[in-house]
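Please arrange chain H with the ligand on chain U, whose structure you already have, making use of the hints.
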Amino acid sequence: MNLAAATNENLAHISNVLIYSSMAVYTLAFFAHIAEWTFGARSKVGRTAAALTETATAAAPAVQVKKQGGGTAVLDRPKIVTRSAAGSRDVPDGPGAAGGSEKGDLYGRMAISLTVLGFLVEAGGVVARAMSVQRAPWGNMYEFSITFSSVAVAAYLILLIVKKNVRWLGLALVTTVLLDLGVATTVLYTKSDQLVPALHSYWLWIHVSTAIICGAMFYMGFVGTALYLFRDRYEAKLARGEQPGAFAESVLSRLPSAASLDKFAYRINAAVFPLWTFTIIAGAIWAGDAWGTYWGWDPKETWSFITWVVYACYLHARATAGWKGRKAAYLALFAFACWIWNYYGVNIFINGMHSYAGV
Amino acid sequence: MSKTTDTTDTTRPGPAADGAANETDLGAAGAQLSTAPKEESVSTLPAMGVIGWIRWFWRQLTSMRVALLLLLLLSLGAIPGSLIPQTSIDELKVTDFKAKHDVLAPVYDKLGLFHVYSSVWFSAIYILLFISLIGCIVPRTWQFVGQLRSRPPGAPKRLTRLPAYTTWRTESEPEAVRDAALAMLKKRRFRAHSPRDGEVASEKGFLRETGNLLFHIALIVLLVSFASGQLWKSEGGKLVVDGDGFSNTLTQYDDFKAGTLFDANKLAPFSFTLDKFVGTYEKNGPNRGTPRKYEAHVTYSEGANGKDKKGVIKVNTPLEVDGSKVYLVSHGYAPVVSVKDPKGKEIYRDAVPLLPLDSNATSTGAIKVMDGYRDAAGKKEQLGFQTMFVPTYAGKGKGSMFSTYPGLDFPVMAVSGFHGDLGVNSGLPQSVYQLDSKHMTQYKDSKGNKLAKLLLPGETMKLPHGEGSIQFVGIKQWASFKISHQPGTPFALAGALAAIAGLAGSLFIQRRRVWVRAVRGEDGVTVVEMAGLGRSESAKLPEELADLAATLHSVAPSAPDSAASAETPEGAEK
Ligand code: HEM
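These protein sequence lines map, in sequence, to chains U and H. Under the numbering used here, think of the first position of the first sequence as 1, with each following residue one higher. Under the numbering used here, think of the first position of the second sequence as 360, with each following residue one higher.
Honestly, the hints are just simulated from the structure, not real lab data. Note that the coordinates shown come from a computational prediction; the quantities given were computed from them, not determined experimentally. A portion of the hints provided could be inaccurate.
[Stated by the list, open to error] Taking CB as the label site, the calculated pair distances span:
| hint | chain 1 | residue 1 | chain 2 | residue 2 | range |
| --- | --- | --- | --- | --- | --- |
| 1 | U | R233 | H | L442 | 26 to 36 angstroms |
| 2 | U | I34 | H | R517 | 43 to 53 angstroms |
| 3 | H | L420 | U | Q134 | 31 to 41 angstroms |
| 4 | U | Q134 | H | K545 | 49 to 59 angstroms |
[Said to hold, decoys possible] Taking lysine to any residue pairs in the SDA-like style, the calculated list, with each CA pair at most 25 angstroms apart, reads:
| hint | chain 1 | residue 1 | chain 2 | residue 2 |
| --- | --- | --- | --- | --- |
| 5 | U | K324 | H | F503 |
| 6 | H | K668 | U | D289 |
| 7 | H | K642 | U | H13 |
| 8 | U | K79 | H | D882 |
| 9 | H | K841 | U | W203 |
| 10 | U | K191 | H | K841 |
| 11 | H | K652 | U | K324 |
| 12 | H | K563 | U | M110 |
| 13 | H | K592 | U | A282 |
| 14 | H | K841 | U | W291 |
| 15 | U | K324 | H | L433 |
| 16 | U | K79 | H | E881 |
| 17 | U | K324 | H | L566 |
| 18 | U | K191 | H | K642 |
| 19 | H | K563 | U | A270 |
| 20 | U | K79 | H | G880 |
| 21 | H | K452 | U | W341 |
| 22 | H | K459 | U | L229 |
| 23 | H | K899 | U | A154 |
| 24 | H | K841 | H | K469 |
| 25 | H | K469 | H | V453 |
Heads up, the beta-carbon is just placed ideally off N, CA and C, and yes, glycines get one too.
In isolation and in its complexed conformation, chain U is listed as follows (with noise of 0.2 angstroms):
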């Protein structure tokens, strides 16, 4: 063996343990998402159930006034009043998993810095594993999966950074990154290795990067959604005067309003969508440079036409009368079980042109 190829094994063992040590992290960080929750649920500031009904006079005018100098008013900038669109609550969003407790936002915090350090760890052993391969990190689905998970932390993280309202989504994050991070070392492991002749082109790194991060934004939507739909049967519970069950009234009324999860669901899908779009023309393009036929059918290039199709219905349906709300919802989440399904399952169970990807 000669010296590089020692230095890529060294390589490849140095991202081994860098991707075993975020899991480590992560899993702190997931504790103390837990003690997040849990002295959350302690706390009683800011419940739902009392704000539903407080919120029928928001819509009369508002104005500011701030005294100065010799007592006269002046109006710092006119504030604005906003009102949801018709045909959703006016609910406001939960206080979020803390709950308003000190303790519970400590440890929150806490979970967050630990999430940013599982991500750099983590993100220390994709590079490192690109390095020893010497091309991009995404050859097979082991290396698929470490970077699917390293950027949908990232996307989280620069959302809490652009300071979107985000800190709900941490305790799901950080257990389908483990989750994922478990499968991709134990099950789909696959040594550092070079490429077929195949996935030697530039399109790699575009097709599939563009695709990866596709899946991360997607796969934040859907955690959206699926919240977005508890959260409503607990808002429309409350809405007819019914007593939620004590895990709703003390998970879900800490979660953002329904509006609000729809919205940022909605925002995330539309937003990818354009990609997703281009990701799928990418690989129209490539396979035409590789296999000579833009468009075959191929199980893969179907899988993604069927996600697509799925996505489109959504965006669609959310124009469409009668289809606003839960149904487009449920679309959301089957166009979501399209994505993963594309990803496990055709590599798994179907075999197509793609699956010499090294499952």
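Just chain H with the ligand, lined up with the frame of chain U:
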């Protein structure tokens, strides 16, 4: 505003109520924020008469709801094709499947499930969808042109009911406020006008609709170029051994498919020679044998008598000549064999392409000597040899004839011979890789066993009783190519790019309206109200309104706090 008179506010539609209420509520102000077709209930059955029915059917077909259902059907309809083997992808698998499932197969066959994407029902779905699409785009485009030429509608009576609202009191004159608002909105590229005294109506974000229409039109362009590509395309395969050539005429192809409107005279006149095929493989480690590089080095010339040029065809880089593309599809070994008759005269010498069976290139094939052979007694016969070839032999006593590495490390060929009638003239199609030994007798050795021998390069197997010999002379490689001409692709690509651009416009741009109203209140102070309305809920709308309000507020600042009541009208501070 007095709460008692404002009953609509307390009877908000619940979540079950339709969002469409949003638009009807606001009357003209909310109308035409998009060109989406109006939704009608399916239950409104048409007035009698054929025309009535046709009109009803057409309206249903071009409604958003049916478009949605057709889209959903399209996605569901595409599923079986990924689970059931398709003739267009792999005929062999289909045959296998049919052999294994004698109950299901005929049913699947009837339903066209072995060729889903060209089946009647799948075609019906997408054709209906595209009719619906055209039926939707044309009126929407007209409507949009109309909207572009008209002015934004006036403000609704109660601006407070809009999704974003603000108000303040100022000492500026209503006319001055209005002019300032008009100027500000125009500067921000709103289409603004003043429909009434003291009121400004404005709108922005028409690119959204443009993008949406562009996207849907691009889908049609995509489909049309895809379909026309299918009609005019041509695609053929050719296997070439190192040193051999190909010129692009129909007769040279091993197999050829073309669309119904394809004209064989239009085949681009180019030719190429395969100088050498190069395949390299991982030598060491757990991935030993994994391919690293496949390259076909060719010399080609464009046109009938163009200059010779050198080129390399790789898996991801086809050669583009004369508008056609030459792809490297597969490769294998072609042992060169020489066959001699009883007199020692060479009657056959050729490189015989073999079919690789596994990833280590264990290969099989047949050598067919059709004519020129007479046996020792002078009788005319045909010869056939069955061969197995391995580029890297495991060694004697180490398992059977399976290759352990795809590179040429220890090439060995096994042959067994037959004589008689090859049956090639029987009219039935025959695989070049298989010997039909029905009318042939196998050679036996002196002990009466079937004659078979492992040959190293250069070695010879003698046929019994001086009937001749076969020599394994050397090894060449072959590569097979796909030569395809797809005329629609530039349009398809343009359509695809337009679709992405349109989508981006459609999904990232908000179409929104902003109204400003400035009226003199009873106490002589001007009350300014501003409100915004968007097509879909967006966080940006209130932000933008706040921005606009701050700008306008700097021109028309709040009046001194005349009455204490201004502080929090009706205690509605949020
Ligand atoms: C080939 C199938 C189709 C696909 C893939 C498709 C896809 C899409 C997508 C992704 C959107 C979302 C973009 C946005 O929200 O602005 C959209 C919007 C829209 N589509 Fe389609 N569409 C198809 C067919 C149709 C048909 C047949 C109609 C007519 C009935 C139609 C009418 C509309 C309208 C009116 C919107 C805008 C909705 C709005 O204003 O928010 N589409 N379409």
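**Request:** For the pair supplied as a hint, K79/U and G880/H, confirm whether the alpha-carbon distance does not exceed 25 angstroms.
**Result:** 20 angstroms, holds
Given the proposed pairing of K563/H with M110/U, does the C-alpha separation stay at or below 25 angstroms?
Violated. K563/H to M110/U sits at ~44 angstroms, over the 25 angstroms cutoff.
*Are the Cα positions of K469/H and V453/H separated by 25 angstroms at most?*
Satisfied, since the Cα-Cα distance of roughly 14 angstroms is no more than 25 angstroms.
**Prompt:** Hey, K79/U versus D882/H, does the alpha-carbon distance stay inside 25 angstroms?
**Reply:** 22 angstroms, holds
- Between K452/H and W341/U, does the CA-CA distance stay at or below 25 angstroms? Holds, at about 23 angstroms.
When you check the alpha-carbon spacing of K191/U and K642/H, does it fall within 25 angstroms? 16 angstroms, holds
| query | Holds or violated: K324/U with L566/H, Cα cutoff 25 angstroms? | reply | 24 angstroms, holds
Holds or violated: 43 to 53 angstroms for the Cβ distance of I34/U and R517/H? Hint holds: Cβ distance 48 angstroms, inside 43 to 53 angstroms.
- Are K79/U and E881/H close enough, with their CA atoms no more than 25 angstroms apart? 23 angstroms, holds
Cβ-Cβ distance between L420/H and Q134/U: within 31 to 41 angstroms? This hint is violated: roughly 55 angstroms between Cβ atoms.
Would the pair K841/H and W291/U pass a check requiring their Cα atoms to be no farther apart than 25 angstroms?
9 angstroms, holds
* Asked: Is the distance from the Cβ of R233/U to the Cβ of L442/H consistent with 26 to 36 angstroms?
  -> Between R233/U and L442/H, where Cβ atoms are some 34 angstroms apart, the hint holds.
Of the numbered hints listed earlier, those contradicted by the structure are 3, 10, 11, 12, 22 and 24.
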